[in-house]
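Chemist: One letter stands for each residue in the lines below.
Number of protein chains: 6
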Amino acid sequence: MSALVTFGETMLRLSPPPGQRLARMGSLSVHVGGAESNVAVAASALGTDAAWLSALPDTDLGERVVHALQGEGVDPLVHWTDDGRVGTYYFERGSDPRRPSVVYDRGGTPIREATPVDLSLDAVRGADCVFTSGITPALSDRAAATAADLLATAREAGVTTAFDVNYRSKLWSPAAARETLVDLFPAVDRLFVAERDARDVLDCEGDSEAIARGLADRHGFGTVVVTRGEHGALAVHEGTCHERAAFETETVDPVGSGDAFVGGFLASRLDGADVPTALDRGTATAALARTTDGDTVQLDAADVDALVVEGEDGDIGR
Amino acid sequence: MSALVTFGETMLRLSPPPGQRLARMGSLSVHVGGAESNVAVAASALGTDAAWLSALPDTDLGERVVHALQGEGVDPLVHWTDDGRVGTYYFERGSDPRRPSVVYDRGGTPIREATPVDLSLDAVRGADCVFTSGITPALSDRAAATAADLLATAREAGVTTAFDVNYRSKLWSPAAARETLVDLFPAVDRLFVAERDARDVLDCEGDSEAIARGLADRHGFGTVVVTRGEHGALAVHEGTCHERAAFETETVDPVGSGDAFVGGFLASRLDGADVPTALDRGTATAALARTTDGDTVQLDAADVDALVVEGEDGDIGR
Amino acid sequence: MSALVTFGETMLRLSPPPGQRLARMGSLSVHVGGAESNVAVAASALGTDAAWLSALPDTDLGERVVHALQGEGVDPLVHWTDDGRVGTYYFERGSDPRRPSVVYDRGGTPIREATPVDLSLDAVRGADCVFTSGITPALSDRAAATAADLLATAREAGVTTAFDVNYRSKLWSPAAARETLVDLFPAVDRLFVAERDARDVLDCEGDSEAIARGLADRHGFGTVVVTRGEHGALAVHEGTCHERAAFETETVDPVGSGDAFVGGFLASRLDGADVPTALDRGTATAALARTTDGDTVQLDAADVDALVVEGEDGDIGR
Amino acid sequence: MSALVTFGETMLRLSPPPGQRLARMGSLSVHVGGAESNVAVAASALGTDAAWLSALPDTDLGERVVHALQGEGVDPLVHWTDDGRVGTYYFERGSDPRRPSVVYDRGGTPIREATPVDLSLDAVRGADCVFTSGITPALSDRAAATAADLLATAREAGVTTAFDVNYRSKLWSPAAARETLVDLFPAVDRLFVAERDARDVLDCEGDSEAIARGLADRHGFGTVVVTRGEHGALAVHEGTCHERAAFETETVDPVGSGDAFVGGFLASRLDGADVPTALDRGTATAALARTTDGDTVQLDAADVDALVVEGEDGDIGR
Amino acid sequence: MSALVTFGETMLRLSPPPGQRLARMGSLSVHVGGAESNVAVAASALGTDAAWLSALPDTDLGERVVHALQGEGVDPLVHWTDDGRVGTYYFERGSDPRRPSVVYDRGGTPIREATPVDLSLDAVRGADCVFTSGITPALSDRAAATAADLLATAREAGVTTAFDVNYRSKLWSPAAARETLVDLFPAVDRLFVAERDARDVLDCEGDSEAIARGLADRHGFGTVVVTRGEHGALAVHEGTCHERAAFETETVDPVGSGDAFVGGFLASRLDGADVPTALDRGTATAALARTTDGDTVQLDAADVDALVVEGEDGDIGR
Amino acid sequence: MSALVTFGETMLRLSPPPGQRLARMGSLSVHVGGAESNVAVAASALGTDAAWLSALPDTDLGERVVHALQGEGVDPLVHWTDDGRVGTYYFERGSDPRRPSVVYDRGGTPIREATPVDLSLDAVRGADCVFTSGITPALSDRAAATAADLLATAREAGVTTAFDVNYRSKLWSPAAARETLVDLFPAVDRLFVAERDARDVLDCEGDSEAIARGLADRHGFGTVVVTRGEHGALAVHEGTCHERAAFETETVDPVGSGDAFVGGFLASRLDGADVPTALDRGTATAALARTTDGDTVQLDAADVDALVVEGEDGDIGR
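Read top to bottom, the protein sequences are chains W, R, U, E, D and P. Under full-length UniProt numbering, the residue at position 8 of the first sequence is numbered 8, and the numbers go up by one with no gaps. Under full-length UniProt numbering, the residue at position 286 of the second sequence is numbered 286, and the numbers go up by one with no gaps. Under full-length UniProt numbering, the residue at position 189 of the third sequence is numbered 189, and the numbers go up by one with no gaps. Under full-length UniProt numbering, the residue at position 30 of the fourth sequence is numbered 30, and the numbers go up by one with no gaps. Under full-length UniProt numbering, the residue at position 259 of the fifth sequence is numbered 259, and the numbers go up by one with no gaps. Under full-length UniProt numbering, the residue at position 66 of the sixth sequence is numbered 66, and the numbers go up by one with no gaps.
One chain only, chain W, in its complex shape (with noise of 0.2 Å):
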């Protein structure tokens, strides 16, 4: 039985090279990425047993989806369908003042037509955190009604249950998203949001602390994290309020340090440390993250704990 269990969506990330935009690109590097499978591998990473359940057509395309995240020691409970395509996304890095860009072709996959049934629930029961994002209940009605099945499920089990809100507006409102994800937000023990999603979708006012408390008492969230990218993030959690700094970074591959943080947020509150130390983690890990290609993380727990002692100050060991 893992410790986290993830549920979510994992597109093949197709990316140029450097310098080279979508309307032109010759060749594409092939990455996996879903904010689910990036929060799992991160806190593989750390030490954490991670599993992800999800729904891949029965292709290689969808092999190469689950030969990625084994590799990162994250076990695939996959349901298999004959129909459906893998999800894809194609991005092109930025280089100011252009900015990153990306082209979404994500219908269409097997995911969004998934019932608990399909799924692993005794993975889920026999977890000690479940966790999913925004984007899953984003991506259908019938993925909404599963990832409120999932948590609810969790939740009679006695099973920890963390969401990221993840707003994406390319896949709905923000009206359409505050409705669904009110209706979740009942079953969820640790609410992640960034500060501007928190605003724009969530109707939040005042500073970060104001939203995490304000998001606190109104949902019963047990803990609430508000990032705030380049500014850091912020933890209200049973009434206290911590803060963390972001490092500077020297940015390779933006995508999927979001994840990074959550994956080493909540990797490190499962292995016992207080919610302080997990947010020096997973600011660590979301740092490292932007330093390596890819949507998921390549480091280790020793990385991530010589950035959180040692700091940005450091030499080549040698």
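Derived from the structure by calculation, the hints contain no laboratory data. Misleading hints may appear alongside valid ones.
Pairs involving identical chains hold if they fit within one copy or between any two copies, as the list cannot separate such chains.
Computed cross-link-like contacts, SDA-like style, restricted to lysine to any residue with a CA-CA straight-line distance of at most 25 Å [unchecked claim]:
{"#": "1", "residue 1": "Lys170", "residue 2": "Thr249"}
{"#": "2", "residue 1": "Lys170", "residue 2": "Arg199"}
{"#": "3", "residue 1": "Lys170", "residue 2": "Val308"}
{"#": "4", "residue 1": "Lys170", "residue 2": "Ala210"}
{"#": "5", "residue 1": "Lys170", "residue 2": "Arg228"}
{"#": "6", "residue 1": "Lys170", "residue 2": "Ala3"}
{"#": "7", "residue 1": "Lys170", "residue 2": "Ala194"}
{"#": "8", "residue 1": "Lys170", "residue 2": "Pro100"}
{"#": "9", "residue 1": "Lys170", "residue 2": "Ala152"}
{"#": "10", "residue 1": "Lys170", "residue 2": "Thr153"}
{"#": "11", "residue 1": "Lys170", "residue 2": "Asp217"}
{"#": "12", "residue 1": "Lys170", "residue 2": "Gly222"}
{"#": "13", "residue 1": "Lys170", "residue 2": "Gly108"}
{"#": "14", "residue 1": "Lys170", "residue 2": "Asp300"}
{"#": "15", "residue 1": "Lys170", "residue 2": "Glu209"}
{"#": "16", "residue 1": "Lys170", "residue 2": "Pro254"}
{"#": "17", "residue 1": "Lys170", "residue 2": "Asp60"}
{"#": "18", "residue 1": "Lys170", "residue 2": "Gln20"}
{"#": "19", "residue 1": "Lys170", "residue 2": "Asp183"}
{"#": "20", "residue 1": "Lys170", "residue 2": "Gly311"}
{"#": "21", "residue 1": "Lys170", "residue 2": "Pro57"}
{"#": "22", "residue 1": "Lys170", "residue 2": "Arg112"}
For chain W, the structure is supplied; the task is to place chains R, U, E, D and P on it using the hints.
Modeler: Here is chains R, U, E, D and P on its own, set in the frame of chain W:
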């Protein structure tokens, strides 16, 4: 006005390097391919003014397709849409005894919804030859109706029409194909068909010549070309049968070789060549197409003519 | 007929990967570049119908140049020759404090012998704007005479003429340049000049505005645009001075940025934009040009307009 | 518990691109290989639950090995050490008449010091089959003793044992190999041996069948499989002899083909297949292994079964 | 002092990847090649002290040539010039039935102006053997005169002279070549000539032996070697005829194979080997040269001797 | 005879591409590096005749090292051995806040066993300057003794000796280093030491100047150069202190920058430059070394002198 106008779907082709399979791929080379645009590119390479009619979503990926075809000298007459995706397919090179493998991901493309109103009928009417293949009607009923309309429009305007059967078992059954194609045939002047498709889809019997003569008689085609892979090709034109052996090739990329044949044949006919010469040049174009990467040819008329004249013997000129 | 017609030499650009110097290079990426074709590509990217007049030897290398420009939507009106070579230049990226380095190998190209008879004067007469730069007359006396003829032909036909000083010290001395250019200026409506060239070659004095006003007065230009690299650009048009700051850029490839500015400016003017808007769009085009590989832009009008409107702040849309 | 447990050394394989020799190499592709982990990967690809026992230094390079095997679905049961290095070998592809070339750099690896205490004997006892090869005892006396212990432990627990002779002349002499191997044989149920090794190392005589029967008689093996490269393989099982021809292959990478055979054979037997079927599937697995890069297979059971059924004839399915 | 001194032009060779043609090339690999430096590299690889005399412009590209030859152990005795360019040639690999293609861009190189004064006559006088080929006199009258001077200087100093006819139809006509070469022959001791060149340029008739004997008689060569591509080579030395078959090769890169033969032959003779042994080693060197990228060999004497001894049969030593 | 002779171990450096970590690497670029050969390459690049003394196993990997150094103009005076391996190290580029990482795999190399008898003492005696670094005595007691012998031999022959402390914590402790180095110092004329090593290993105190003066006094060095990374360098020579700021660099590859400094300094001194000029040129060489891939410099004297004269301001010359 272009001399040759083709109509059909064009996709992004994504291929891992030789020796790497889709299920473990780390990088992909990007090419642009579709039977009808491949034909246009081959004809353009031989000096024919060629245009391609299609529909694409107005995204960077749609633009990628257009840049590629423009670069080859083909005029892209595109109906740009707000919705839909660019079809993609993954092509894995084979190595004996492992066969090449294709994973199609071509659903949801706008050409499936395109009506004659969306397309340049003026280009059709102004052409010397209009071409489409059996892939187009296989995409959707709407696409089949539009293909029929374009062929009828060409006929009415006195434009020669050409059609390649191009059966794709992943798109429809032989029976469904037969039913649809037979309805289209009255509007077709020149038919191209692989011997295997003639047997499996069109229920032909006998040797290649019998097949060609039978089809010409049954459907009133002016020319029927039966292609036989490494065994060459055969044309029945106004009652006379012409044969041509294939070249031995060291194959770099097998995809698009049949389309190169059609493009080379049609370009030669448009240029005033007789059928035996068109067979020679089509065969040479197809052989050269196998020696370069991608679905579209990398050659010019001089390359084709040199191969026709000198055959397989030659040397590095220095 | 194309709205913009440019005339000039285009070369193959060969560049080793970053971190590798020419003296040890193991591989080269191939791009196509030349000031005047770069301007045509940028204008085409913004939606202007653009053509490029030049001469090339009828070899695979000449064909390589044509495929590249066609792919970008530019109509190559090439005088093909039996003799001569394709100019090449080797570009080595810099890394502070090592400067970028260029080795030109541009002798013996057929444009040096091209006469107006070899070129499409109809395209010149049918254009809305004709453009060349100071590189062309620097190539040979014959090229200088031909450039003068084309500008005169345009003038007579009532076509707007534009010229970028583009001084190249490896081709001629400031004195030789000044003497030749001053003779061309009476046929020029719109002048583009780098502030440094204005001082070093045209003997201008004072600040940018004084330079622009002085040149307009002295030579009767309708518009003078003075470019100042990272300090932006300034235009004096019909007596009024307009300024525009540059964007901060994370530069991937600096080559062709000035040409992108000219292309963006001219395309906007041809499109009916006023001078301040043309300055904005030219500046944005130049900034985006620095963020992608190669001498020619990889962008479209939407990219430019988004940057003009949103400025440097934005996010990955997802 | 895994059905198949293998024990042996796994190395990083570093290979220059085709056409480049080690003495001038500029880049290397990285693969992970070792006879026993290759067998585990092949068995896992065919659907067998497989684990691999070994020792590795706790470095990024050791981690590299583990990520690769995990990605292929193999459970790495690693004894992590503070000292020692990861074995590496350099593999240079051949091109007739130049032979492939290998430079081993495999000294100082921790498996040479590993004792049974360091390894999971529970995994051995819980397996259905335990496998190692003649490379392991060749590494050190300690490794030979540990291999003997593991085979004895398996035997006591009623677990089937399998062994591939895999003679390596760079590690020991035929005489030394024979002396050690003959001591191990009493604990082995299934023996795999290349015909050449049988002659050179085990002093066998006669044709393949005579060799297999002789070995079975002399050492009491339940099954003896004699592999003959391009001449296929032959098995004597409970007194009956079965033969199987090899497939003709267009070889991309010859390394690991023999291990793929063993993995395919053992997986099939564990799956309940009879010996002739296991020979068929082993042979097909070996043939496919030669068509992809790296020491480990890139295939699944469906690929193997399709090849067994359809043989070498087939086509691109589209 | 080097035992072997060669004199000739060396160029940068630029090659697109296999499957990509020059007219669409996106990248180029860079090699250094020239008949005479190729011979020096091959001889050096076999253990001969070798130097190369030439002229190069003092640019990064000239330096690139020198680094390459130095790396292969050849001593570059370069006359550095302020003017002129480095010759380049573009080489496109063939794939049947498409032939390899070469685009030369070798005009304007300083060796065309080099006089004996520019070159190290001491190196010539101190050598055991001096070599040049028919490409050198084809470059310019000045180069022809310089080549004649160097051969005469060698002769006077008692140094053996060797010459490879190496006819290049893109540089001169057979008649022009014959006239010039026949004037050089009196100063030549050892002649290498392809059978085809002997017929087409030197008007020889009869079989290979007749050709060799005829040339030896007519021009007084001590040794005449006639090369016959895949049919091997034949030498007439002091009245005796020796033959040697070629190896079958899986060719990676055909360029420079003939030069490798010459280098292998001359190195062996300098080493004291008799003519049959030199033929064996030259043939083996040529065969190995075809199996690696680039114009120059990647091998050492042990590779050559192993191939001579073991022939085409062998295995990966492990 | 070479003016500069260095002695030390040289390794293969294997580096994954930027953004890819060792634990997931798929490819490696190959460079050759070692402090003492890096110094020789830098000096050679500036025009000094340089040789390198070392021992290597007689394998393709040993040959790889030699080809690289030869290519850079360094004369490799190698003691070839039958046993032992080529040292390797894996270098992973950093990206803030992730630090660069090095995994050494340098055990078992033949230089650890090399005695003065194995090395060319004639080269040492015939040099103008002999150099080694603190890495050499750290490798083994035998290497330490041999280094001492070489320095003593140089001293006796009146050859200047130079030494860089180059402390490596992965090879020995500060105490062990101090004890050994202090014994070597009496034979050293010119000492190079990083300020940090001076403090940590040599127990120096005070500012850089105090350190340099203290070392000069205590050990009788004619010159002491203290390097301070981005804070530049300082030399005390015959009682006078000279300082030099570092250049700001956009670092592509930090490895070998210190060695480039030493090579630039020594080459300048050998060339007759005074100490301030040598500091300037060493600093410029070090800065340029950081802008190119690999441990060894890619530059020539003109690059260094241009940077010294023009400083950080300059432009693309065109």
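Chemist: Okay, which hints does this one fail, numbers in order?
Modeler: 1, 4, 6, 9, 10, 11, 12, 15
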